[in-house]
Every structure is written in structure tokens, then in C-alpha cells.
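Protein chains in written order, with the numbering used here: chain G, 1 to 442; chain P, 1 to 290.
These are computed hints drawn from the structure, not numbers from a lab.
The beta carbon of each residue, even a glycine, is placed where N, CA and C say it ideally should be.
Treat the hints with caution; some may be incorrect.
[Stated by the list, open to error] Lysine to any residue pairs mimicking SDA-like chemistry, simulated, CA-CA at most 25 Å apart:
#1 G:K93 / P:L147
#2 G:K281 / P:H148
#3 G:K327 / P:P51
#4 G:K327 / P:S65
#5 G:K93 / P:L136
#6 G:K327 / P:Q77
#7 G:K300 / G:A377
#8 G:K63 / P:A44
#9 G:K167 / G:I125
#10 G:K63 / G:I125
#11 G:K281 / P:S65
#12 G:K406 / P:S134
#13 G:K297 / P:L147
#14 G:K300 / P:H66
#15 G:K72 / P:S134
#16 G:K93 / P:H148
#17 G:K297 / P:F150
#18 G:K327 / P:D151
[To be verified] Distance ranges between label pairs, derived from CB positions:
#19 P:H148 / G:P244: 51 to 61 Å
#20 P:L126 / G:A427: 40 to 50 Å
#21 G:Q431 / P:R278: 57 to 67 Å
#22 P:F93 / G:A427: 54 to 64 Å
For reference, the chains in residue letters:
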Amino acid sequence: MKLRIDRLSRSFVFLFLLSALVTSLAACGPAASPTPSSVTLTFYYPVAVPGPITQIIDGYIAKFEQQNPNIKVNAVLSGGYPDTLTKIETTIKGGGTPPDVAVMLSTDLYSLVDSNAIQPLDDYINTAGGSSFTSDFYPAFLANSNYQGHIWSLPFQRSTPVLYYNKDMFQAAGLDPSHGPANFAEMVADAQKLTKTDASGNTTTWGLEISSDGIPYWLFQSFVIGGGTNVVGSAPNQVMFNTPQVAQALQDFADLSTKDKVMPTGILQWANMPNDFVNGKAAMIWHSSGSLTNILKQAKFNVGVSYTVGEKGYGAPTGGGNIYMLKGIPADHQAAAWKFIQFMTSTDIQADWSINTGYIPGRKSSMDTQAMKDYIAKTPQAAVAPQGLQYAGAELAAHDNAQIQKALGDAVQAVLTGKSTPADALAAAQQQADQILSAFKN
Amino acid sequence: MNKNPKPDRSRRPFRFTPKSISNALGLIVLAVIAVGWAIPMLWALAVSVHPPDEPLSAANLWFGSHPTLTNYAQAFQIAPFAQYYVNTIIIVFGILVVQLVTISLAGYAFARFQFRGQNILFFLILLQLMVPSSALIVPNYSTIRQLHLFDTLLAVMLPFFGSAFGTFLMRQTFRTVPRDLDDAARMDGANWLQTLWYVYIPPARPAMIAFALSSISFHWNDFLWPLVVTNSTSSRPLTVGLAVFTQLGEIGAQWPLVTAGTIIVVGPLLLLFLIFQRQFIESFLHSGLK
Numbered sequence: 001m002k003l004r005i006d007r008l009s010r011s012f013v014f015l016f017l018l019s020a021l022v023t024s025l026a027a028c029g030p031a032a033s034p035t036p037s038s039v040t041l042t043f044y045y046p047v048a049v050p051g052p053i054t055q056i057i058d059g060y061i062a063k064f065e066q067q068n069p070n071i072k073v074n075a076v077l078s079g080g081y082p083d084t085l086t087k088i089e090t091t092i093k094g095g096g097t098p099p100d101v102a103v104m105l106s107t108d109l110y111s112l113v114d115s116n117a118i119q120p121l122d123d124y125i126n127t128a129g130g131s132s133f134t135s136d137f138y139p140a141f142l143a144n145s146n147y148q149g150h151i152w153s154l155p156f157q158r159s160t161p162v163l164y165y166n167k168d169m170f171q172a173a174g175l176d177p178s179h180g181p182a183n184f185a186e187m188v189a190d191a192q193k194l195t196k197t198d199a200s201g202n203t204t205t206w207g208l209e210i211s212s213d214g215i216p217y218w219l220f221q222s223f224v225i226g227g228g229t230n231v232v233g234s235a236p237n238q239v240m241f242n243t244p245q246v247a248q249a250l251q252d253f254a255d256l257s258t259k260d261k262v263m264p265t266g267i268l269q270w271a272n273m274p275n276d277f278v279n280g281k282a283a284m285i286w287h288s289s290g291s292l293t294n295i296l297k298q299a300k301f302n303v304g305v306s307y308t309v310g311e312k313g314y315g316a317p318t319g320g321g322n323i324y325m326l327k328g329i330p331a332d333h334q335a336a337a338w339k340f341i342q343f344m345t346s347t348d349i350q351a352d353w354s355i356n357t358g359y360i361p362g363r364k365s366s367m368d369t370q371a372m373k374d375y376i377a378k379t380p381q382a383a384v385a386p387q388g389l390q391y392a393g394a395e396l397a398a399h400d401n402a403q404i405q406k407a408l409g410d411a412v413q414a415v416l417t418g419k420s421t422p423a424d425a426l427a428a429a430q431q432q433a434d435q436i437l438s439a440f441k442n
Numbered sequence: 001m002n003k004n005p006k007p008d009r010s011r012r013p014f015r016f017t018p019k020s021i022s023n024a025l026g027l028i029v030l031a032v033i034a035v036g037w038a039i040p041m042l043w044a045l046a047v048s049v050h051p052p053d054e055p056l057s058a059a060n061l062w063f064g065s066h067p068t069l070t071n072y073a074q075a076f077q078i079a080p081f082a083q084y085y086v087n088t089i090i091i092v093f094g095i096l097v098v099q100l101v102t103i104s105l106a107g108y109a110f111a112r113f114q115f116r117g118q119n120i121l122f123f124l125i126l127l128q129l130m131v132p133s134s135a136l137i138v139p140n141y142s143t144i145r146q147l148h149l150f151d152t153l154l155a156v157m158l159p160f161f162g163s164a165f166g167t168f169l170m171r172q173t174f175r176t177v178p179r180d181l182d183d184a185a186r187m188d189g190a191n192w193l194q195t196l197w198y199v200y201i202p203p204a205r206p207a208m209i210a211f212a213l214s215s216i217s218f219h220w221n222d223f224l225w226p227l228v229v230t231n232s233t234s235s236r237p238l239t240v241g242l243a244v245f246t247q248l249g250e251i252g253a254q255w256p257l258v259t260a261g262t263i264i265v266v267g268p269l270l271l272l273f274l275i276f277q278r279q280f281i282e283s284f285l286h287s288g289l290k
């Protein structure tokens with residue numbers, strides 16, 4: 001400790017010399033002082049999709065500031081989702097003022113409440129019309145917003161896994177290209193017809209590719225939800241990994257490569273899936289609905305979009321980020337922050353954000369806007385994911401969420417690489433999760 | 001540089017001697033390693049000029065149908081790289097200049113002065129080498145906030161003005177300087193600062209260059225700390241700009257765009273190294289660091 005002070009004080013001597021240089025070279029922080037009646041909000045947002053995100057956000061903010069002349073918004077690009085969380089946690093732990101509004105994963109809810117970082121939006125929602133206000137949001141997207149009887153966040157940039165299929169290959173294989181498989185058995189049957197091998201027995205086209213790296217629990221949840229159940233417990237201190245239905249879903253996932261032989265074995269890379277699909281190496285893939293724009297841009301064939309499936313039919317989790325109001329911000333910021341949240345989740349902005357990025361709008365009414373109708377007329381595939389939300393279930397979220405998601409993801413990978421059986425892997429994951437969550441039992 | 005005529009080896013017939021064979025083997029191994037290092041860079045260069053709407057595939061892995069600069073144009077349009085360049089250069093060289101001053105003073109003190117607590121202080125500095133800088137983010141942030149420096153270039157630089165590694169390196173280097181030279185300088189009436197400047201710094205130059213290299217490349221690539229302590233474009237470095245292209249968890253990598261962004265960020269550093277390669281390598285050889 002003594003050392004650090006010592007070195008610091010020494011550094012100060014040079015600091016003075018250097019600061020003269022630095023301040024002359026660079027503008028030292030935001031200098032514009034707002035007029036007394038006005039409020040300057042800080043808004044953190046992560047990037048998760050390609051494109052000129054900052055320009056789009058800046059455009060929204062210009063519009064918002066025009067409508068609210070005494071509110072200024074300082075929009076800060078905060079890296080990826082984990083970086084955003086680190087930045088905010090560092091600020092809070094270091095005694096600083098957090099941003100007023102931030103976009104974070106919808107599944108971060110419990111961790112954020114546990115660390116006392118966010119505040120509920122109920123009062124504002126009630127003044128805005130209560131349930132008539134929330135009813136326009138897709139219920140599947142609000143599933144990760146409720147906790148302890150409060151609503152903590154609103155959907156901002158949301159997504160869901162969908163099944164992309166090559167319509168030309170469907171046609172060639174004698175399948176109906178107007179729709180994708182309706183359940184797991186159909187998907188396997190389709191994939192078997194679509195899998196092609198050359199004379200020497202090497203597979204040239206796989207019927208199906210489902211990634212199992214990065215966030216393996218996510219696509220696995222499609223199997224589970226499509227099987228009529230979910231891994232999410234009834235409370236955030238509970239998960240349901242170790243059930244026969246979940247084991248069956250994991251067996252199905254593994255069977256695709258080992259028994260049905262329609263998918264390559266091992267861990268398939270998330271980032272490679274769209275490439276394999278547009279190159280014709282895979283006839284069907286499961287991927288985020290947010291990949292649509294990119295896939296359509298590169299594919300030289302007719303692309304179909306359908307829903308991911310499990311044993312009993314369609315099913316998928318949701319994904320992506322919600323917009324939160326942080327705790328500990330000045331009182332006069334809170335009303336302004338709510339205005340901004342309302343604006344960013346409004347029908348028109350959500351429609352525009354969806355068209356520009358590929359996210360699903362958080363509101364149903366966004367689908368009825370003229371801009372969205374024009375877009376869907378050009379890109380009918382974009383209408384599929386929002387319709388699929390009726391089959392969607394909650395994404396895995398609990399206290400200490402990153403560890404819980406990892407426990408399930410590890411189980412999925414252990415089975416797919418043949419290191420474990422579904423029953424054993426899931427029992428181990430459940431035990432691990434129970435241990436983590438035991439700290440949160442009342 | 002070498003004026004002496006080199007022995008002309010090409011005229012000598014090649015003989016299979018144990019030495020020539022081991023030399024040839026060594027060259028082959030080096031070539032394989034060199035190619036292994038170069039391939040990712042070359043691939044990144046090639047993919048960065050790949051048309052963005054053509055898929056990357058085994059048959060179409062390199063340039064695509066025609067090389068294009070679209071990805072670069074798009075990358076520059078998405079992130080304000082020009083401003084980020086200025087910031088990164090100020091940050092990296094600002095840190096380096098201060099570090100060179102602090103580490104040579106501290107290294108000199110540890111190498112040649114006797115004072116109470118010297119060993120404990122030096123031990124603490126060595127201990128700092130073991131602490132990853134990411135573990136200090138919260139306390140560092142707290143300091144920056146109390147100094148009201150949040151969101152300034154100075155905030156990005158401040159925690160790195162001292163360097164445990166640099167202090168250690170300079171101490172070791174200065175200790176190799178013969179005491180007699182020091183004594184002679186004193187005899188001629190030089191004070192400690194003059195002694196440091198005229199006696200110790202010149203032979204330590206290779207070590208300082210080696211340190212400068214590691215410092216520059218570390219701070220050029222640092223991401224998390226600048227991201228945490230800055231909010232505005234005017235104080236953010238290149239790596240934060242690159243994050244716009246690499247953090248696409250949900251969508252998967254857009255390789256042409258990612259590689260274009262990467263080339264923009266590492267290009268100047270790479271060029272700098274290629275230009276000064278000879279000096280760098282010589283300095284490493286002299287300082288005994290590999």
C-alpha cells in the first residue's frame with residue numbers, strides 16, 4: 001500500500017508536466033454545461049449486430065432531443081454485453097454514478113437486482129396506463145422482466161432462434177419448400193433426405209447443423225421448449241435440468257449426429273453456421289433471428305425461415321437485451337430516463353430498429369406500422385420470427401446466471417462430444433446449479 | 001553497414017556436412033514457423049478485401065471474385081477511426097514517455113542507492129508483476145473518479161505511469177554498468193542526475209527500446225480499462241472502435257468487416273515494426289531478452 005502511494009505521488013510530478021501537453025492535445029471530457037432546467041442522461045448500449053449501430057442510435061437520440069428540448073442524452077457504446085455489465089459494475093463498486101439508462105441482457109435481471117443496480121419501472125408503467133401499456137409487448141419478451149412482483153425492464157433488442165432452410169434443396173429433395181418441419185421427427189426425416197454424400201462416402205451436404213458452442217444452452221432450450229417443458233424453474237433460485245423430458249431433448253440433440261447421421265459430430269461453431277448455410281454445406285441451420293439480414297445478403301438461393309422444434313412441436317427461447325433504469329441516479333433524472341425508455345421502446349422506434357438491425361420489435365403494434373409492412377413486403381422472411389413468439393418460452397435465467405447457464409451448457413457439450421450420457425450430465429449440472437443457488441434459498 | 005567483403009558462399013560447392021545439414025534443418029523449421037505466423041495476417045489481409053456479399057467458403061476463402069475496399073470504407077463509416085487513431089497515439093506514447101522517466105529514475109535508485117526499506121519496496125514492486133491489471137480496475141476507477149478525471153485521455157494513461165516490469169528491467173540493466181564509470185563521473189563533478197544521464201542511460205538504450213516495444217504493444221491493444229473509464233469518442237482508443245465489429249455474439253462473425261477493422265487497428269503497429277525491425281532485434285539481442 002505504501003508503495004502505491006509512493007509511486008502515485010511520484011507520478012504526480014510528471015502528471016503535471018504531461019497534463020499540460022495532454023489537455024492541449026485533447027478535449028478533456030464533455031465540456032458542454034447544460035442549461036439549469038435541462039437534464040443530461042447517460043445511456044449505455046452494447047453492440048451485438050453488425051452495421052452502423054452508433055449512427056442509428058444517434059439518429060434516435062436526435063429525434064428524442066427534438067421532442068424533449070430540455071433533455072440531452074449522451075449515448076455511450078459500451079462494447080459487448082459482458083463489457084457493458086463490467087463497466088456498470090465497476091462504476092457502482094468504485095462509488096461512481098451509473099448511467100441512467102442501459103441496455104443489458106434480459107437474463108441479467110436477477111443478478112442486477114441482487115447487486116441492487118436497477119430500479120423497478122412499475123410506478124412509471126402505471127402512470128402510462130398499466131396493463132394497457134404492457135399488453136402491447138410480446139409476453140414472451142416480458143417473461144424475463146418480472147421479479148418480486150415488479151417489472152424491471154422493457155424489451156429493446158430481442159431475438160429468438162429460428163430454423164433457416166434452403167428452399168432450393170427442399171425442392172430438389174422432393175420436400176415442400178413452403179414450410180419447415182413441424183416437429184423433431186419431421187425435422188430428422190427432412191434432414192435425412194437433404195443429407196448428400198459423394199461417391200467416396202464423404203458427406204457433401206449436411207441435412208442440419210445446430211451450433212453447440214458459445215452459448216450452448218440457448219439452442220438446446222429450443223429442443224426442451226419444443227418438447228413441451230422448460231429448464232427454467234418457478235423461481236430464480238430454482239432450475240429444472242434433471243427431468244426425463246430434458247434428458248430426452250438432450251438425447252435428441254446428440255442423436256442428430258450419432259444415430260440419425262444428419263449433422264456433423266462434435267461441437268459446431270456458432271459463427272460458422274451462417275457460412276455453412278449460404279455455402280450449401282448445410283441445408284438447414286438453427287440460428288438467431290438476428291442473422292436473417294446477413295444470410296439473405298449472402299445466400300444465392302431461396303431462403304426459408306421456420307421455427308425451431310422439439311419432440312412435441314415448435315418451441316424456442318427468447319434472447320437479446322432489455323432496457324433498464326439504473327438505481328442511484330439523481331431524482332430529476334428518473335422522470336427523464338423513463339421518457340427516454342418509453343421513446344426507445346415506442347412502436348415506431350422498435351419497428352425502425354428491427355428493420356435496420358434484424359432484431360424482433362418488442363411491441364406487437366410495430367408489426368402494423370407502414371414502414372414494417374413495406375419491409376415485410378420486400379422481405380417476407382422477417383415476419384416469421386415475430387409469429388414464432390407464440391411458441392416461445394423464457395430464456396434460462398437465475399441468480400448467478402452466468403454460472404447457471406454454463407452448468408447447463410457444459411452438460412450439453414459433454415453429451416454431444418460423447419463424454420457423458422444425458423442423464424448423468426444433467427444430474428451433474430443440476431447438482432452444480434443447486435449448490436450455486438443454495439445461497440439464495442430463503 | 002558491414003563494409004568488409006563477405007566471403008562468397010555461392011561459389012563454394014555445397015557439401016553434406018553435419019553443420020550444413022543442421023543449418024538447413026534449422027532454416028526449414030524457421031520457415032515453417034514464419035509461414036505459420038504469417039498465414040493469419042495474410043488471410044486477414046485477403047479477407048478484408050473480400051466482397052462482403054460473397055460467402056466465404058473453402059473454394060472462395062481468399063479474395064472472392066474481385067478485391068474491393070468496401071469493407072474498409074464501411075469500417076471507417078461505422079467507427080470514427082481517425083479520432084481513435086489520434087487518441088491511441090496520445091495514450092500509447094504519453095504513457096511511454098512518462099514510463100521511461102519513472103522507470104529509469106526508480107531503476108537507478110534501486111540499483112545504486114542504499115536506503116531504508118529498499119528490499120521491501122523492491123519486493124513489493126516485484127509482487128506487482130503478479131497482479132493482473134484487470135484485477136485493479138475497481139480501485140483504479142475509484143481513484144480516477146476522485147481525481148475528477150473520468151472520461152479523459154489522462155484517465156486512460158494514469159494507472160500505467162509507473163511500471164513494475166520496467167523498474168525491474170532498468171534496475172537489472174543499471175547494475176551491469178561498472179561502478180568505476182559511476183565513480184569517475186562523480187570525480188569529474190557530475191551530480192546524480194548527470195551521472196544517470198551520461199553514464200547509465202546510454203548503455204541501457206537497448207533495454208529501454210525492448211521495454212518500449214512491450215509497453216506500446218500492450219497499451220495499443222488494451223481494451224477493458226479504456227472502455228471502463230471513457231464514455232466519449234474524444235477519449236476512446238482504437239480497440240473500442242474495433243469492438244463494434246467483434247462483439248457480434250448473436251450473429252456470428254462478419255469476417256470481411258472484422259478483418260478490415262483489425263487491419264486498420266494493427267496495420268500501423270505492424271508497419272512500424274517492419275520498418276524498425278532491425279533496430280528492434282538488435283536491441284533485443286543486446287539486452288539479452290528474447
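We went through each hint and held it up to the structure:
The hinted pair formed by K93 (chain G) and L147 (chain P) meets the criterion: a straight-line CA distance of about 16 Å does not exceed 25 Å. Pair hint K281 (chain G) plus H148 (chain P) does not hold up; C-alpha atoms about 55 Å apart against a cutoff of 25 Å. A distance of roughly 46 Å separates the Cα atoms of K327 (chain G) and P51 (chain P); the hinted pair therefore is violated under the 25 Å criterion. This hinted pair does not check out: K327 (chain G) and S65 (chain P) have alpha carbons roughly 53 Å apart, beyond 25 Å.
A distance of roughly 12 Å separates the Cα atoms of K93 (chain G) and L136 (chain P); the hinted pair therefore holds under the 25 Å criterion. For a cut-off of 25 Å, the pair hint linking K327 (chain G) to Q77 (chain P) is broken: about 35 Å separates their Cα positions. Pair hint K300 (chain G) plus A377 (chain G) holds up; C-alpha atoms about 20 Å apart against a cutoff of 25 Å. Our distance criterion of 25 Å between C-alpha atoms is broken by K63 (chain G) and A44 (chain P), whose separation comes to about 39 Å.
Between K167 (chain G) and I125 (chain G), the direct Cα distance comes to roughly 44 Å. Violation of the 25 Å bound is thereby established for this hinted pair. Distance hint between K63 (chain G) and I125 (chain G) is fulfilled; the C-alpha atoms sit about 22 Å from each other, no more than 25 Å. Distance restraint check for K281 (chain G) and S65 (chain P): the Cα-Cα separation of roughly 20 Å lies within the 25 Å cut-off, and the hinted pair is therefore satisfied. Proximity of K406 (chain G) to S134 (chain P) is assessed by CA-CA distance (about 22 Å); at most 25 Å being required, the pair is judged to hold.
Distance check on the hinted pair: K297 (chain G) and L147 (chain P) sit about 49 Å apart at the alpha-carbon level, beyond 25 Å; violated. Of the pairs offered as hints, the one joining K300 (chain G) and H66 (chain P) holds, with about 17 Å between alpha carbons and a cut-off of 25 Å not exceeded. In summary, the hint linking K72 (chain G) to S134 (chain P) is not supported, as the alpha carbons are separated by about 33 Å, beyond the 25 Å threshold. Pair hint K93 (chain G) plus H148 (chain P) holds up; C-alpha atoms about 16 Å apart against a cutoff of 25 Å.
Distance check on the hinted pair: K297 (chain G) and F150 (chain P) sit about 41 Å apart at the alpha-carbon level, beyond 25 Å; violated. A threshold of 25 Å between alpha carbons decides the hint, and for K327 (chain G) with D151 (chain P) the separation of about 21 Å falls inside it, so the pair holds. At about 60 Å, the CB distance of H148 (chain P) to P244 (chain G) agrees with the hint of 51 to 61 Å. For L126 (chain P) and A427 (chain G), the Cβ-Cβ distance of about 47 Å falls inside the hinted range of 40 to 50 Å, so the restraint holds.
With their beta carbons about 59 Å apart, Q431 (chain G) and R278 (chain P) fall inside the hinted range of 57 to 67 Å. One distance hint, 54 to 64 Å for the beta-carbon pair F93 (chain P) and A427 (chain G), holds here, with the actual separation near 56 Å.
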